[in-house]
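Q: Line order of the protein sequences matches chains A, B, C and D. Throughout the first sequence, residue numbering follows the numbering used here, covering 153 to 618 in sequence. Throughout the second sequence, residue numbering follows the numbering used here, covering 153 to 618 in sequence. Throughout the third sequence, residue numbering follows the numbering used here, covering 153 to 618 in sequence. Throughout the fourth sequence, residue numbering follows the numbering used here, covering 153 to 618 in sequence.
In short, the hints are calculated from the structure, not lab data. Since this is a predicted model, take the numbers as computed values, not measurements. There is no bait here: all hints are sound.
Identical copies look the same in the list; a pair holds intra-copy or inter-copy alike.
When the alpha-carbon atoms are kept at most 30 Å apart in a straight line, the in silico DSSO-like pairs for lysine-lysine are as follows:
#1 Lys500 to Lys221
#2 Lys182 to Lys555
#3 Lys238 to Lys185
#4 Lys324 to Lys314
There are 4 protein chains.
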Amino acid sequence: MNQQNLKLCSEIIDDKYVKIASNSLNAKEKLFKLLLSQRQLPEEGFDDLTIEYLLNIFAIMDTNNFVNKVGVGERESRIFSALVQKRNYYMGHGIGRSGDLIASQPKAAGSSLIAKLTKHLAKDALKLSNYQINELLIVPVATGMALSLCLLTLKSLKPQAKYVLWPRIDQKTCLKCIQTANLIPIVIETMIQDDVVTTNLDILIQKINEIGPDNIVCVLSTTSCFAPRIPDNIGEIAKICKQFQIYHVVNNAYGIQCNKIANSINQGLAQGTVNLIVSSSDKNFMVPVGGALIYGNDKKLIKQISELYPGRASAAPILDLFITFLSMGRSGYLQLQKDRVENYIYFKEKLQIITQKISEQILNTPKNSISIGISLKNLKIDQNNQEEKNQITKLGAILYSKKVMGSRVITNKKNKIVCGIEFKNYGSHCDNYFTPYITVACAIGLTKQEIDTFAQEFEKAYTQNT
Amino acid sequence: MNQQNLKLCSEIIDDKYVKIASNSLNAKEKLFKLLLSQRQLPEEGFDDLTIEYLLNIFAIMDTNNFVNKVGVGERESRIFSALVQKRNYYMGHGIGRSGDLIASQPKAAGSSLIAKLTKHLAKDALKLSNYQINELLIVPVATGMALSLCLLTLKSLKPQAKYVLWPRIDQKTCLKCIQTANLIPIVIETMIQDDVVTTNLDILIQKINEIGPDNIVCVLSTTSCFAPRIPDNIGEIAKICKQFQIYHVVNNAYGIQCNKIANSINQGLAQGTVNLIVSSSDKNFMVPVGGALIYGNDKKLIKQISELYPGRASAAPILDLFITFLSMGRSGYLQLQKDRVENYIYFKEKLQIITQKISEQILNTPKNSISIGISLKNLKIDQNNQEEKNQITKLGAILYSKKVMGSRVITNKKNKIVCGIEFKNYGSHCDNYFTPYITVACAIGLTKQEIDTFAQEFEKAYTQNT
Amino acid sequence: MNQQNLKLCSEIIDDKYVKIASNSLNAKEKLFKLLLSQRQLPEEGFDDLTIEYLLNIFAIMDTNNFVNKVGVGERESRIFSALVQKRNYYMGHGIGRSGDLIASQPKAAGSSLIAKLTKHLAKDALKLSNYQINELLIVPVATGMALSLCLLTLKSLKPQAKYVLWPRIDQKTCLKCIQTANLIPIVIETMIQDDVVTTNLDILIQKINEIGPDNIVCVLSTTSCFAPRIPDNIGEIAKICKQFQIYHVVNNAYGIQCNKIANSINQGLAQGTVNLIVSSSDKNFMVPVGGALIYGNDKKLIKQISELYPGRASAAPILDLFITFLSMGRSGYLQLQKDRVENYIYFKEKLQIITQKISEQILNTPKNSISIGISLKNLKIDQNNQEEKNQITKLGAILYSKKVMGSRVITNKKNKIVCGIEFKNYGSHCDNYFTPYITVACAIGLTKQEIDTFAQEFEKAYTQNT
Amino acid sequence: MNQQNLKLCSEIIDDKYVKIASNSLNAKEKLFKLLLSQRQLPEEGFDDLTIEYLLNIFAIMDTNNFVNKVGVGERESRIFSALVQKRNYYMGHGIGRSGDLIASQPKAAGSSLIAKLTKHLAKDALKLSNYQINELLIVPVATGMALSLCLLTLKSLKPQAKYVLWPRIDQKTCLKCIQTANLIPIVIETMIQDDVVTTNLDILIQKINEIGPDNIVCVLSTTSCFAPRIPDNIGEIAKICKQFQIYHVVNNAYGIQCNKIANSINQGLAQGTVNLIVSSSDKNFMVPVGGALIYGNDKKLIKQISELYPGRASAAPILDLFITFLSMGRSGYLQLQKDRVENYIYFKEKLQIITQKISEQILNTPKNSISIGISLKNLKIDQNNQEEKNQITKLGAILYSKKVMGSRVITNKKNKIVCGIEFKNYGSHCDNYFTPYITVACAIGLTKQEIDTFAQEFEKAYTQNT
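Just chain A, with the same shape it has in the complex (with noise of 0.2 Å):
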């Protein structure tokens, strides 16, 4: 409300009132002020008042909302039902533009400068969360087809080579965005060291000297993972690749969460070559499944990346994560990551009195702080007696019921193909592990209350089922 407005609401109530209510307003404005100015977390999360003034005046900068406008395109944002007007906050243009994925749109400055500010606020939160980079791009894609955008612009670069070398990790996306950019994934082998499941450097460089490095296209590497398994060695990786003059993604899924993955990457970066990192926007940041962030130090290969996408896309992922960074704040954000620590160490000890009482125990890899593992040793699993063999699936059946969800068990037990290839003990992440084991998560947003109940009813299912 201008000041002529503003003029006028004195005559309709006490002037005096009108001074007050206008400082607010001004408040407001001194917000969008840093918010446009510098472009980070504010400091403390907006509420959501504020949130949904400042989109309202996004939406009224998109033509679509213009009074009086004239739609003569074939796109025009018209939108037929009020409720999905209301749930998109009156949006309809989505993001980019046939040249850009970040391009600003002529009919849509609003939703355009919602874009712009969420890559900037993110690049933001990926600083607070001590990553070393200086160049980011959301994408309204999930991890998975963000990944494989950035083998598609690779490959781009590197037409003739067509090998992605790939250290196992059994989570099926992390190899299927290869295929889906037509490109030939080489399975690099774990290794196990005592308790936990780990990079094969030394396969790598044979692999590397085996293929030849002009025919591969990437190492695809991966951080964020389940235990017994342990983040790839990026800084050692990225030497190797540096050396052998190959590029490196690093898939990071949910790893921004932890300061360990970030150190981590940030050795690969300075030591070695990491070109793109890529991130679940809902993993790391608590919206729903649909945005990733592809990012790293080089700006001319992410910009790379931005003009391969053909057309406009959704801007709903963007929009989740432009809410909730201003709901969150730099407190809030970094208040979440300080819980997830301590509500990690608090897993452990709870976990750690109950492995006792079963004579289980935790898998020791320290260098896994999102995932644990428990062995479950203990329970019989006779390959002749299917019934016996139900003793650790019973323990899944029984958590699930509890409506205990995301926990894993792992029977060392399946071999399967995916994707074209055939894994020995799939789920593993290795040919052969030692025992039998159960994962769980401290992902950001676990509350203790999850904690204690997961204890309570583990325990309670494993006794009752031995």
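On the provided structure of chain A, position chains B, C and D as indicated by the hints.
A: Relative to chain A, chains B, C and D alone:
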């Protein structure tokens, strides 16, 4: 978004786009300028985005939304539930102060502006409906309680008086509002002229003389009513009130939608005494139940009602009205009224055809242009035969089961005690109407499709029933 | 979604997933079963999805949402604006009927259920706050008007009486609600005991004798008040009322949050006469202004108030309350009360430290456990020196400019006519208090952070000012 | 609300009212039954309440909304912001699994049902628009990326091929989607026949022979385009593709709204090879940008695309579409299409009158029934006179300043490099069109009022400009 911030936007996206976008923001400011300066219904209704934008601005003007506010009073409009916050558009201070229902609140400039503006918009709506009045108060209570507030105020101005003269109309609230004010109703029986049930002015005068004008708080007349009752003759009653110097309150519950009633009230205002007119906000403006308008030409008296109201009150009915007025605009409002008049004619034509088929008739009550009565004289009502008597009540039940709401079947045979007074044939507005009948109303918002379906269902129900 | 439809779902997605999902739907039904059968605050608050789901069900139960409905009445709850529809959760029929404010509506089963359930939930909340009452009515008007409704009802039961005895409390609404009911207030001056301003029971008795019990409608006592005024001694007043057979209404505006007041009222109920107690919904339950609770043990009397109310009323205050009760749950509600008690102690400790520094003192009013007074005796008030006199009012102005809302500075020098009665030193609840002071309240929902900021700003403002 | 709970309701309000209300709840179940069993657009659109009710049910079926759930996975759909929760209707798991974009999710039965149902509804919509196809996939990426997914899939089936034959159409995305898939576009120049710019089938055949069918991934033809370009002759191209055994992808971005295009595609499907057709969800169904439909008759191939997509994806575009389909219903959808056809005729008539006045002409392109071209031959374009040349671009600028969006002025003089290929007179779809012109589109949702305003503004801008 102020100029400085728009300039910052130009550093993020193309300046050209920001310029066009800022035109759109300015266009909103111009709409608001018109609203704040003219204080009339906008020519065209605002879209939902514009309304929400304006509501957000007003919300920010309320102290409970100030950032870093310290609230050490006993009422700081802290709202527990996010759903409640959202549905109240983050406003919570209600309206009014202890001194006056329409006083501005120091803690709630935005809410106060809404209250004041809604009053102006309602006055404009009345003007568009041809009401020649110059003062209006919106109260966050429905018609009945609003009438009680009027009566309590008049009583305070004439403390020795205790009677209210009330031309009979068989709607309970009309009578009860008198009782609520601790006053004594004197029923003025109606008279039947051909099909019409109407005011008996002779008895009215006779009763005034009997009781003595000094003992009479006011006459409470009624305009909007079910056929065959027709609106009280406001012009003549106003003259009588003027002659005897008695206050006159008009219960015009749902009459704003009808031009004939406006003319009748204007005549009363011009030629006699009409002190206060009361109308429902929901029945005339398509909002949820909860508010009423008190209006007339006696500014001082209406101010007294406003000052009589003790303390704060819910802003909800005013907010609903504010949004609705902005959404309708002048053109939407006039269209709705035009549609209603057309529908009334259409409804009558439809019923004409059916009544001829079934040898019944539309009761001839041209002065009632909202409600229509249809005789049910061929349906049997033998008092000794309960089963047959049910031919009429069965008609009602069948219609109800067909989701026909709001039609009323009057069998003319019920005596009833209401507020301590016994009425003969309660429901028919008179002691003895010559035929049973069914009434339907052609209210604002009714659709042609509903009329068609009613006609169809009525004919079917009637025919199957005989 | 019924069994048949869930079965159809199983033909679309994996039956196993549908089974778990239907457990979740069943879990909601179980929550609703508890709500409908026990009619108490749920142990844990419902999440927003569950609340919206329940509101949707209730909305579908209202006739205005029936598919293919034909509405030929004058009030069919057609709602023009989609925003208004949404914010009212598609309900529009309000509450009550002409006969009774709490009567169920044939056209609005869902709305009626909400009204009835909210009453039960409010009763349960009062029980949790230790109120020993067995009947309650929620009225969609704020405290002042609710008190007027009580007085109008009592007046109707004792038509010859016209006085209300009212121990002085300098809040305008408390007095004005008497006037609204066309009754005459008799002010019972308070007395000062050390720091405390309290009820003068001797004068009360004396006035009863003077006026004669038969001429007195009731005593209107007050519990929640600003220090150094302490709550009226409800126990003793109740005994006096019993002795003289006078009705007794307690204005307990924001006292539900305070256990001491509950005890005092319970004592009154047990040992004497307490007919009606009135509390604000917004001040006690963190909803927007607009509703009040009328409660006590005289079921018949409360029914009479409900039946006195003429016609329908806004459902908005009830809906806000319903959502809030469901959202809080029993645990949330008790936690808020516990927090308030802790905050009160914390607030006092903070102020203790500051008052010592500045050589002022906290007024010793232990019986008031919501409001705290701080002397301002060292600030100059020379009546002939306007500038210096402003030391105190300036303090208020400074605090206000720092967004401190709700603190009240009392200079003890204002005479004022309220409702036709002249009060000496209006605002201080007595003719002559020994020191100017400032009051703050520790109300439900206040945060420690607000207390800290207040302490800081107060000290700064005081120090800079002297 | 189940029977047991309805019975409990009967203990709270009149059983009679509960009975009617439960009919309304049952009516919703019946609507849902039809939806779940027939999986077609409902005959009449659902109202917003019904849609929200259904969405809430589905949300409750997702595990993230389970009460007392314990989430120890890395992705548990915890949503930080209440605004984000609300706008996603409390759902967050997105769609798809690593194995398949349309696979049901164990953690999200409700979201999965929405995804599956939306697919069926989209198929039904296509059927209503006369498309004779039997398989469909909705992808949460816009048309360009959807085309890339198709090309990537086809490439994986024909790994040795690397060319895409592409009849020239000057929209960047159409070309770029080929590049994204790391394929090489071969431009098939158009030819001019009278006013029309159309496919040059001879050159197409010639190029196939030149390059060799085995080296060609597919022909990528286009239907919806700006006049004077007309849709590619799908029937003939399909025959050619069949003859040479080449895949054929049709870019039918906004052609679903047009019957002629449907017929052309059906012909292609019947008589030749049409493997995949891609359409925008926003341009055809009035939702925000973000989704596309891939459809055809080759179930296996479409399944392969679905399986190619790596990992999860945003559910937002699907949710928008689901809500919109339910809200439109069959009658609404057909009405929109009917309106568009009428508007097209109306638009042409309006322009006929104006073009005669200004001695210009409507380009005669009857096969393009969406876009209309108007010659601007009288406006001066002297290449050496920048100022005069601007007569045409000025026209565009004037229209833009009058809030006319989406009209395109083509001056026929721009050479441009797009995706590494140089095009003569880019924008005009051919090397040398005989006149400059302006195009407008008559897209779904355009209103007569917009047409009128355009006509007025165009005439004014043209006249003032000459």
